[in-house]
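Here is what each chain is made of, one letter per residue.
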Amino acid sequence: MQTILAVTDPEFWIVNLGAWLTGWFEPAWRPWIQALLQAAALVGGFATLFAVTTILERKGLGRIQNRPGPNRVGPFGLLQPAADGIKMLTKEDIVPARADKIVHFLAPIVMLAPVTLAFAVIPYGREMTPMPLDAGLLFFFAVGAGSELAAFMAGWSSRNKYSLLGAIRAIAQMISFELPLVLSTVAVVMMAGSLSLVEIARRQAEYVSFVPQWHILTPWGLAGFLTFFTAALAESNRSPFDLPEGESEIIGGFMTEYSGFKYAIFFMAEYFGMFAVSSLAVVLFLGAWSAPLPGLQFIPSYVWFGIKLMGLLFVFIWLRGTLPRLRADQLMSFCWKLLLPMALINIGVAAGWHYSRDWSFPAAWGCRWFLGLAGVGLPFMGLAWGLRRRRGWGPRVYRYAE
Amino acid sequence: MEWIINHIWVIPGLPLMAAGAIALMKREQRTLAASLALGGILLAFIGSVLAFWPTMAGSGHDAVWRHYQNHVWFQFGNYPLSIGWVLDPLAGCMLVMVTLVSGLIFVFSLGYMAEDSNFTRFFCFMSLFAAAMLGIVVANSLLLLFICWELVGLASYLLIGFWFHKPSAAEAARKAFLTTRIGDLGFLLGMVWLYARTGTLLFYDGGQGCLEAGALEGLVARATLGGLTLATCISLLIFCGAIGKSGQVPLHVWLPDAMEGPTPVSALIHAATMVAAGVFLMARIYPLLDADPAGVAGWSPAMVVVAWTGAITALMAAAIAVAQTDIKRILAYSTISQLGYMMMALGVGGYAAGMFHLLTHAFFKALLFLGAGSVIHGCHHEQDIRRLGGLRRHMPVTFATYAIGMMALAGVPLLFSGFWSKDEILHEAMAWPISRGPFFLGLAGAFLTAFYMTRQMVYVFAGDYRGQKQKLNHSDSSKGRRPNKLPHESPAVMTVPLIILAVGAVGLGFINTPFWPGFHRYLTGHEGEGVSTGTLGLMIVSGLIVGAGLGLGWVLYGRKPGRVLAATDPLEVIQPQGFRWLGQRLYWDEVYQRTVIAWTLAMGRVCDWIERNLWENAVAAVSQLTLGFSWASRLLDEYGINLGFDRVCDKIRLGGRRVSAMQNGQVQHYLRSLALALAALFLLLAWGGWR
Amino acid sequence: MQSDFFTLVCWGVMAAAAIAMMMRRPVHAVLVFVVSLVGLAVIYLQLRAEFVAFAQILISVGAVAILVVFTLLLTRNGGAEAELKRTAGSAIVGLAMAGLVMGCIGICVLASSAVETSGAVTPATVRQIGEALMTQYILPLEVLGLLLTAALMGAVILAMDPARRHNERKP
Amino acid sequence: MNPLTQCLLVSGALFGIGLAAILVRRNAIMALLGLELMLNAGSLNFIAFWRFRPDAEPMGGVVFVLFALAIAAAEAAVGLALIVAIYRHFHSTNLDEMDRLKG
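Which chain is which? The protein sequence lines are A, B, C and D, in order. Counting from 305, one number per residue, gives the positions in the first sequence under the working numbering. Counting from 481, one number per residue, gives the positions in the second sequence under the working numbering. Counting from 171, one number per residue, gives the positions in the third sequence under the working numbering. Counting from 10, one number per residue, gives the positions in the fourth sequence under the working numbering.
In short, the hints are calculated from the structure, not lab data.
Pairs of lysine to any residue, SDA-like flavour, derived with a Cα cap of 20 Å:
#1 A:Lys641 with C:Val326
#2 A:Lys405 with C:Leu243
#3 A:Lys641 with A:Phe684
#4 A:Lys363 with A:Val619
#5 A:Lys405 with C:Ile189
#6 B:Lys506 with A:Phe684
#7 A:Lys405 with C:His198
#8 A:Lys641 with C:Met323
#9 A:Lys465 with C:Leu243
#10 B:Lys506 with B:Ser597
#11 A:Lys641 with B:Leu504
#12 A:Lys405 with C:Arg195
Produce the entire structure from the sequences given, and follow the hints as far as they go.
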């Protein structure tokens, strides 16, 4: 894979650094050493990103809520993550007396491991994919399935009704939103004709005159991105879909009985999940590592990837500061009555877009765009209208535990 | 123009999209629904005319111009299923006719259905119907044709039962659906058989299609039961479908009942779409029908069957029409009769003649139905011709156009299209070498047609209006009609289509006169025979026959048009027995009631009886016997071997419990036996030497 | 093929499956069962069936295991073990039956001559699988879609409690 | 050992273990787990034969396993829904207590 890059390419040095380092070892060891190096780079890089994001989030939320945010540790409070880390590591690790000890211990690990695995298939730059699988997208979703199990393990093993309720909420929410999440990527897969993320990224790195071929710049891509992003918000349990751990309702959800280092791992897994799914959104819709204009290609591709990723993370934080939490039934009807139909309709629109590719009559381009936008927009308006009309303010019903 | 040739599917697609869009609308959006439906059919009409042009320009050089596109729909295993579109003269002229006539009917419905609360639904179904028919026309695959064929059936079911709150309408819809389904079963069997033998259902596929020489040779070469060739068997099976759809004997019984639907529906069903579909199907598979050279005197047995079926239908339906009193039923039977003519024409080899009659008939029959609709609308939903009358004065436009349609149907010489097309058919029938039977049947039918149409005209339009008197005589106003209003002329939205259709009913005849057989050349690519003394003679004969029919009708009815309702039909006075037979439609429905339906019912009753009497009695006997035994045993028990018997019983109970342990409802016990059996099977297979 | 690794995974899968089936608590059983399913996916990976391996994890772990877990929560004896005191004889008979079947399979496999392998490998890329599904296996695929729809509706109707739904309306 | 034989033996063992669970465990959910294990054993067979005997249909094994997975998911959904329904009725998921057809 090194042969494709020229020496002048900025990616050349990063990719060949690994080859140079592994060159010191026996040939039989090299694949393992390379895997180790890649894993170390990924975990290290994303752990740093985690630290940066937490401080950014707290500062950003502070700005949104008209307060300064953390500003005591270090200059402008920039060392706050380090302080947090020390605090987490030195706290006492409390395990409830009746808890299922083994499962309680395993749950954070099961939560973190699959998310970290998912990082392996993302193309971070030109020829910079740690594990270029043929079925990369499927791999991503397959390993993502583990986090539901982890939520269950955490909630069930704690022997605490808040934990269990939080786990049930989390599982129901994750299963439901996994459908629109996966279905909204189907359109991309259809258009690219491949499940390989590398291939999908490469297809978007071309330009027609100066317009990049990013998927978000098509009607179906726009709708798909919005669907995907909304579902991703819910999948990563972020506000406004943070019911599983809504502090004001069920304490801390399935994490209630966790403290210290285990809690830190959960926290990290949540942020890692956010990074992974945002990376996937960048790859699928935002053109992965390609520059927005042909003239800007001199900036290294991984930098572009980083910029887009940070942009999406900013949107995550922004939404958290802006939107209130949903009710459980609103959450479900939103998923099943709006997102899922939209994802299905979007597949049809994408198919129409594909087949209208070789229209040649005059104004075909405008006609294609109009039809595409209408195909996405009209059902959206209809569905949203139906959702609004049927969900009036009903009398509040209280149900008690039996 | 090039574009429409390559995108011929757009023509059925447009009404289909209109239907889909209307289906999503609310009931109140009447204007939008109507404009969508009209717009769809109008665009389809424009497309049809554009598509008609190249078929016109390309034909007539001893070969038929044909353009088709095929796509593989899906492939299971190694068997591809293809569908496709074809544009050839046959499809081209049908497209124009169907879209034009349907469009006019749509316009007419605007007025006719204006007060109906389900206006929107009506236009949805109508568009679906038109789309399905256009799909039949452009299909290049028997499969696609069958799909559209069934869609037509579905749409007709929905439309005939449009006023489903009327029990008779719901009943009629069901009858139409079931009766045509019987024929469709034959169609389906024929289709499957064809696919099994030729491996394709495409009509034209660059020499590979099932209507092209390669496949036909194979089909003819193979004989099946009774010495019939495969081609004959398959085309006869497909003909079953056409019998059902086109109302041929013996499956014609649904067609008169279908009059329960709104009148524009009747016009659409009987003029342009559904019944024409059967004839069109036979025209489409004509090469298959005609493939067998080894039949009697060089004629395929399938053709002979088609010809005789058509001829019998033509005469029989015309005879029944003579004694009907419902204005729409008379027209329904005349439709059956005319369809018989078309089938007969196809059967005797007059491919162009049959299609020509199909086209002209579409125009004048649509005209007649819409005229009847106008009459019904103007007379507050009165359909009995004995209660109409004198409408000539009240509804002049309707009268004039209706008269043109009637003369076209009756075949009044020289000026009207029906004359030319019917004459063409009779000419072909006369030239048929096998038998003159169909020719004479056809002549008799022509006579009766002229007669019953005269009768209807006189009843409806001459004399005085009889509707009011009826109200005064019978004071039961349960029907709730408005008795005091006189008939009124219909609005322009209804009369303008009538006028356009009337122009068509006159003018269309001149595209294929014996003096200038343009249509024949257009459709087949060969020159027609032209004028000969035989042709002229036949024209004179048929003119005379028609004149006789008209004259007899006038003599019987026209001289003293009935002034009062109670007057008996003059024909009934002359021949009461025969009239009653005809009035009861030759008892076809009753025969079916007594045979097929009764047989089914009887089977049900027999089963029921066996269940009730035999088994129940048997069970009762057994239980009595058991009771008797138990009584006896109780006696024995009490007086005799009390103790010993108890012990035996205990033993038996114990044994029973042991045995019942095998059936204890515990699923795992069952599974255990299953596993044992599985192991036994393994060992058997492993040591039984089976690999 | 890394034979040692492969053998190790095989033993791991079998051990995990056996332990899962012997676990007293169903929840633990499900968790260990998931381990054996993941091991099975690794075996598929070793056999170069990449797509199937990922699909296996996605469906078996992501859907089936979660469903089982959810049922455990709903039936509320996830903690309290419902294994009643049982006659040892019954369990022994069951185990013997299973062992019999297992033995028969083993004998058949070892005795069969149909296990000759051929060296050629046909790699299954995603594109090839997709094309096979859309052409040759289109009919089974459609039927399967129908089956899944029916199963979905059946599951919803079965799991719906009519009485409770009725009561909810009242207060 | 022949790798194909190895796969088949593993599959046979998994099948046996699943069968044992069905026959011995009293909890309906455990029996269902055993059933899933048996299905997976069957899938392993298909993959093994597809990998080592590629002279038949090129994609047959893989496609069949995909179908089997889908059917397993459907079966699990319906089975678990049944268990939930039965639990509502008997307040138990013990197979021994479900020996009546009549509710």
